[in-house]
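Student: Below are the chains, spelled out letter by letter.
There are 2 protein chains.
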Amino acid sequence: MTDFSKTRSLFHMPDGVIYLDGNSLGPLPVNAQQRVMETMKDQWGDMLIRGWNDGGWMQMPRRVGDRVGRLIGAPAGTVIMGDTLSIKVYQALASAIDLVTGQDGQRRVILSDSGNFPSDLYIAEGLIQSLDRGYELKVVAPEEVEAAIDETVAVTMLTEVDYRTGRLHDMKALTARAHAAGALTVWDLAHSAGAIPVDLAGAQADFAVGCTYKYLNGGPGAPAFIYVAPKWAEKARPALSGWMGHERPFAFDLTYRPGDGIERMRVGTPPILALAALDAALDAWEGVDMADVRAKSIALCDLFIAEVEARCPGLTLASPREGTRRGSQVSFRHGEGYAIMQALISRGVIGDFRAPDAIRFGFTPLYIDEQDVVQAVDVLEDIIANRLWDEPRFKQKALVT
Amino acid sequence: MTDFSKTRSLFHMPDGVIYLDGNSLGPLPVNAQQRVMETMKDQWGDMLIRGWNDGGWMQMPRRVGDRVGRLIGAPAGTVIMGDTLSIKVYQALASAIDLVTGQDGQRRVILSDSGNFPSDLYIAEGLIQSLDRGYELKVVAPEEVEAAIDETVAVTMLTEVDYRTGRLHDMKALTARAHAAGALTVWDLAHSAGAIPVDLAGAQADFAVGCTYKYLNGGPGAPAFIYVAPKWAEKARPALSGWMGHERPFAFDLTYRPGDGIERMRVGTPPILALAALDAALDAWEGVDMADVRAKSIALCDLFIAEVEARCPGLTLASPREGTRRGSQVSFRHGEGYAIMQALISRGVIGDFRAPDAIRFGFTPLYIDEQDVVQAVDVLEDIIANRLWDEPRFKQKALVT
Numbered sequence: 001m002t003d004f005s006k007t008r009s010l011f012h013m014p015d016g017v018i019y020l021d022g023n024s025l026g027p028l029p030v031n032a033q034q035r036v037m038e039t040m041k042d043q044w045g046d047m048l049i050r051g052w053n054d055g056g057w058m059q060m061p062r063r064v065g066d067r068v069g070r071l072i073g074a075p076a077g078t079v080i081m082g083d084t085l086s087i088k089v090y091q092a093l094a095s096a097i098d099l100v101t102g103q104d105g106q107r108r109v110i111l112s113d114s115g116n117f118p119s120d121l122y123i124a125e126g127l128i129q130s131l132d133r134g135y136e137l138k139v140v141a142p143e144e145v146e147a148a149i150d151e152t153v154a155v156t157m158l159t160e161v162d163y164r165t166g167r168l169h170d171m172k173a174l175t176a177r178a179h180a181a182g183a184l185t186v187w188d189l190a191h192s193a194g195a196i197p198v199d200l201a202g203a204q205a206d207f208a209v210g211c212t213y214k215y216l217n218g219g220p221g222a223p224a225f226i227y228v229a230p231k232w233a234e235k236a237r238p239a240l241s242g243w244m245g246h247e248r249p250f251a252f253d254l255t256y257r258p259g260d261g262i263e264r265m266r267v268g269t270p271p272i273l274a275l276a277a278l279d280a281a282l283d284a285w286e287g288v289d290m291a292d293v294r295a296k297s298i299a300l301c302d303l304f305i306a307e308v309e310a311r312c313p314g315l316t317l318a319s320p321r322e323g324t325r326r327g328s329q330v331s332f333r334h335g336e337g338y339a340i341m342q343a344l345i346s347r348g349v350i351g352d353f354r355a356p357d358a359i360r361f362g363f364t365p366l367y368i369d370e371q372d373v374v375q376a377v378d379v380l381e382d383i384i385a386n387r388l389w390d391e392p393r394f395k396q397k398a399l400v401t
Numbered sequence: 001m002t003d004f005s006k007t008r009s010l011f012h013m014p015d016g017v018i019y020l021d022g023n024s025l026g027p028l029p030v031n032a033q034q035r036v037m038e039t040m041k042d043q044w045g046d047m048l049i050r051g052w053n054d055g056g057w058m059q060m061p062r063r064v065g066d067r068v069g070r071l072i073g074a075p076a077g078t079v080i081m082g083d084t085l086s087i088k089v090y091q092a093l094a095s096a097i098d099l100v101t102g103q104d105g106q107r108r109v110i111l112s113d114s115g116n117f118p119s120d121l122y123i124a125e126g127l128i129q130s131l132d133r134g135y136e137l138k139v140v141a142p143e144e145v146e147a148a149i150d151e152t153v154a155v156t157m158l159t160e161v162d163y164r165t166g167r168l169h170d171m172k173a174l175t176a177r178a179h180a181a182g183a184l185t186v187w188d189l190a191h192s193a194g195a196i197p198v199d200l201a202g203a204q205a206d207f208a209v210g211c212t213y214k215y216l217n218g219g220p221g222a223p224a225f226i227y228v229a230p231k232w233a234e235k236a237r238p239a240l241s242g243w244m245g246h247e248r249p250f251a252f253d254l255t256y257r258p259g260d261g262i263e264r265m266r267v268g269t270p271p272i273l274a275l276a277a278l279d280a281a282l283d284a285w286e287g288v289d290m291a292d293v294r295a296k297s298i299a300l301c302d303l304f305i306a307e308v309e310a311r312c313p314g315l316t317l318a319s320p321r322e323g324t325r326r327g328s329q330v331s332f333r334h335g336e337g338y339a340i341m342q343a344l345i346s347r348g349v350i351g352d353f354r355a356p357d358a359i360r361f362g363f364t365p366l367y368i369d370e371q372d373v374v375q376a377v378d379v380l381e382d383i384i385a386n387r388l389w390d391e392p393r394f395k396q397k398a399l400v401t
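Protein sequence lines correspond, in order, to chains A and B.
In terms of the UniProt record's numbering, the first sequence opens at residue 1 and continues consecutively.
In terms of the UniProt record's numbering, the second sequence opens at residue 1 and continues consecutively.
Isolated chain A, as found in the complex (with noise of 0.2 angstroms):
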């Protein structure tokens, strides 16, 4: 049984703060300071060069990608991290359909959905517009992905957990159903990743992508990591073809050769720094059951539903009710929900906003309990009941959401 007590001691969490948007930005792990400054000091420091073998910090996307793979259901050795998610998404929609095109020449359609993160979508417009050669990205609602599944399509790329709504895509049929017409996935985790179970290998996906700043607790700006099934691993060509993804960096050939399988998604040189806060980070998942972490994320998430509904006149669910549809966080949508938002940070409650209507509040078991969750609501019944949020401050739009 996980101890949630004990994880939740991990993190730092300023006074008078209940932090509801780790599916934004995790909190601090107490132990990630530390370790970036033995890393600055003994590493960088004292090391030097010399870091790059000593300090191991070579092999650290290998070796942090493992720690994550074991979260997301990816063997050891299919996954590395490196660069942004945007960054992993184009590798993976680059590579995958490479793959397609070779063996299907006709197939044409990107599928994704309204749903999808946006740089999602801006990542496969751009990679098809530099492609010029009849790629179409096809963006359907969230429900009709499945439906649009057909022999025209060379990849999905979806998000498994919508940003906006939490509403959770089912990876495992609709991988299934995208291979059954010949196509191939990409599943973009980035709300996935240590918020539900992911089980990447049983689902048979093609390839995967995700960020750790969320709820891995990397830090902002964290590196992303990319997965790619081993039946895949040795036929991908990288389209971002670094040196670090070369099958030997350091005999400087002038002419490019793949790294084996994982490795040749690395592009260029790896960021230590934020490698060290990450894997730091990765440590307050030694002993946690994801099984747990779901079962107490549904609960926190259908306590948090059951209060603002008694309590919170006006507002209305845009996540949905049934938690096993749901990621780790529930949205409400109201017309003035901006400045509602903003009004719950200045006492202390904090979620975020997404346009154009959408409070969202993320609920991470490992630092969030029911008595957070009850508190929080406390403070959205006083904010909607008086009409505190009504005030000009509330409705300066930040350039940050």
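Treat the hints as calculated values from the structure; they're not laboratory data.
Everything hinted at is true.
Just so you know, same-sequence chains aren't split out, so a pair can sit in one copy or run between any two.
Cut-off 30 angstroms, straight-line C-alpha distance, at most; resulting in silico cross-link-like pairs (BS3-like, lysine-lysine): (1) K41 with K6; (2) K41 with K296; (3) K138 with K231; (4) K395 with K41; (5) K138 with K235; (6) K235 with K172; (7) K138 with K172.
Note that the structure is a prediction, hence the values are computed from the model and not measured.
Following the hints, complete the assembly by docking chain B onto the known chain A.
Tutor: Just chain B now, kept in the frame of chain A:
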């Protein structure tokens, strides 16, 4: 006049080390630890998600980019930080190809040279293969570049300072030659930024990229930069069209619209801890005159060459003898170069080895002086005179050389 005794005091240097590898990884600036700690504790820890607004995180790639820009002759608002150098090469090359092809569909040659850093060549190979439209990567000897620029060339992709020999290309002359032939230029400043005076605007360079972990001392895997000339900034199509380069990232539109000018070269969520370390490192350049740096760099390199040639038989100079034709590094060839370098490192004189036979020494006036040079040659002389390199432990190849 730059006070180099002051700049020297800004870096942590382990006892007994003479560090001549700042061209590979700059040393730890003493203020960087504190800065990263504050970013972790006061911003990530206490501001949490609010750091994106209140901590100024969202503007960091631009603000830090401007600081780098001042060292490379780039006007404010033309440089932005992010990703790795290989990714930035991909972006610059893709955009440059796009711009030229729009003007002249017959140009199909990407011209580079065999002294370019291999990753740049690999990235070009991968891009060309993805584009699949008959582009060709033509790699000539460095001294043949000028003559090879003709009307078939779409883009020249050159590294100003050769990573192995330190040989310097004439950026201004080659850019003028490329423009006269109707081509665009991508300049890699990996071994230029912070090493020599660079005048991107004066040279009329079109695109430039570089890393910040060498002479800019940003730390292992520090973020890269990209420069786009103002004349192209609003015309360049970003191949890696991620959400941070969108005109309005937080509108979450389903279709991409490039941001203003250089902003469109942002891709994913910026690496805040790494940017904080780099930002601190850039403080060392306050009050530093790059002309002073250049004069001292040439003097240090000249002294090193003279001392080695006088005292270390069997080593052949692999760098240009003329100081103004070199970057801030000197290489010598020797058949046992690898073992010699390992023996040097074991005695605290840290340089590096570049296959097949070059031992490489970087001279960084911010923290290296004449006494270091003489002492380093004392050790090298002893190693050569007494064949101290001739031990099995010095011949075992490490992962990273």
